[in-house]
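**Q** Read off the chains here:
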Amino acid sequence: MNSPDASIAVSGPAAVAVRNVTKTFPNGDTPTYALRDVTFGARCGELTMIVGPSGCGKTTLLSVICGTLAIDSGSIEVFGKTLGSMSNAEVTGFRSRNVGFIFQQFNLIPTLTVVENVSIPLILQGWNYRKAEEKAASILEDVGLGSRLRSFPKQFSGGQQQRVAISRALVHDPKLIICDEPTASLDAKTGHHALELLKKSACAPDRCVIVVTHDSRIFSFADWIAEMEDGRVVKSCPAAEYHHA
Amino acid sequence: MLRIALLMLFRDRAKYMMLIVGLTFCSLLMTQQASVFCGLMLWTSATVRNIGAKVWVFDAKVEQVNEVIPLREIEVTRVRGVPGVQWAVPLYVGIEQARLSDGSFQNVQLVGLDTATFVGRPMEITRGRIEDLRLPDAVIIDQVGIAKFRKKGITIDIGTTFEINDKTARVVALCHANRSFLGQPYVYTTYDRALQFAKPQRKMMSCVLAEPKPGVTASELAERISRLPGLRAYERDDLFWDTIWWYIKNTGIPISFGTVVLMGVIVGIAIAGQTFYLFILDNLRYLAALKAMGARMPILAAMVFLQSFSVGFIGFGLGVGLTSIFGYKVLKIEQPPFFMPWQVPVFVAGIIILICCFSAAIGLRQIAKLEPAVVFK
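Those sequence lines, one after another, are chains A and B.
Going by the numbering used here, the first sequence wraps up at 245, each residue one higher than the last.
Going by the numbering used here, the second sequence wraps up at 1377, each residue one higher than the last.
No lab work stands behind these hints, which were simulated from the structure alone.
Check the hints yourself; a few may be wrong.
What the hints assert, rightly or not - Examples of chain B residues toward chain A, derived with CB under 8 Å:
1. 1004
2. 1007
3. 1289
Note that the coordinates shown come from a computational prediction; the quantities given were computed from them, not determined experimentally.
Cβ atoms here follow ideal geometry from the backbone N, Cα and C, with glycine treated the same way.
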């Protein structure tokens, strides 16, 4: 088993480097520690899973990595950029260009068609609607939904919605894909298929995929696993070693 | 993202329709009631608009055109003696009782015009000739009188006779006049005959109408005449506005209409504000997702304001449109009063903008408080 610090010393190019990060939430007079001096790393070309029981700080770690939550101390580098040295607007811009999100509840806007939903990250980057929809349509075709571009999310099953969410996360070719409990709303078989699709379409040499989950059935898709407990990374190792440890 | 904002709004049909209905109703209520109020205020000054003289001279205590304190005939001569007066003629205006051939009664607004000049004559003679007013017992009656008499089963036409204070009046022409505040028909006759129709009093003349000489403005002349003891002169526009302000200050009409307009504002804020707030609440997690994906606050604010102002604009348009249809219909039958000056839609647009800003602001407050990290919860 590797020590948490050792996790940064990875063989491939480092995509995410979290160093000595502490994050607290106010709770009366005594702050609640969500992250305690966490050090964590993730590499390009790999699917890294952050696992652990509920309340251990997985989602908080994911939030600080993508810059949606400010940290109290420590530093976070994403593809060589230190988030703490950027203004809020710069972090937001960085996120829109470099981060793709897959949420637990998919968060597809119900009043937009799937092609409109998938085109949003491109529109946020200033693409015109027609070109954004063309790109969104092509990526939806890649995930097998090309014949239902003008359908609304509620007309899809959970698994299909997850495919739309994966398309939305990938449409603007982000370097970092963030997945929060991607199988939590799916049955075992559909969850398995979603991870297969994610692994196949998202994992690339210049891209880093971080998945937060407590679903042990999908651990086999990981290249690297970091286990958290009580706000700390207690174990961080290649997936193959994790199962034997 | 603005197109996305509009799609999100238009496709949430239930809330979209509720917002449109609420703002349309609010806009309709405010525009319609304000227009009826303006129409009613116009009615109060109907005599000023029907007679149309540039300078009106009354007893010094008179504050508005419908309040008549009779003057002595000699006042005409005094007015004529003021420098700058081109001409001055007497006018009689009074409410008299007309008895119809079937014995029923109808109050009429009797107007006695200067016999020689017919100054103050009706602006539109629809049948007959104004000159026939010089014939014995001759009167001219307006469209309101024709309609009111028709309701009582009597068709008024040239040659029809009725009585005013037991004296025979014969219709020699029909005219169109602005409707009076109390809805009494205007009956025009000569000044001398009007004095015969009216109940005798020591002083009979209602006012003097005057015209300034070239080079003298109406307000200058009014000021000069007002220096005469016991007289007060008004320039036409001043009399028009003083009459309206008198009704605004001395009657409960503005309070009554103002309350309804205020209700429109409250209904608008309540329905539009609450529905829009619910719309934002329903979409909060998606807006948080957009925030997480990189939508900055100015973009989200623009989306929310566009959504709010879209429904505001459509609701305002429908409300003013419906009011215009209402106005078009009622202007044909001349009741209830209706007049929509440009200030009314501008005022209502201002209120709708305030409602939209309020609705957007309470929605934006929620979005501003929103941490993008909540999408992971």
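**Q** The structure should be examined with respect to each hint, and the outcome stated for every one.
**A** Checked hints:
1. The closest approach between the C-beta of residue 1004 of chain B and any C-beta of chain A is roughly 7 Å, which is under the 8 Å cut-off, so the hint is satisfied.
2. Given the 8 Å rule on beta carbons, the hint for residue 1007 of chain B holds: about 6 Å separates it from the nearest Cβ of chain A.
3. Interface hint at residue 1289 of chain B: satisfied, since its Cβ lies 4 Å from the closest Cβ of chain A, which is below the 8 Å cut-off.
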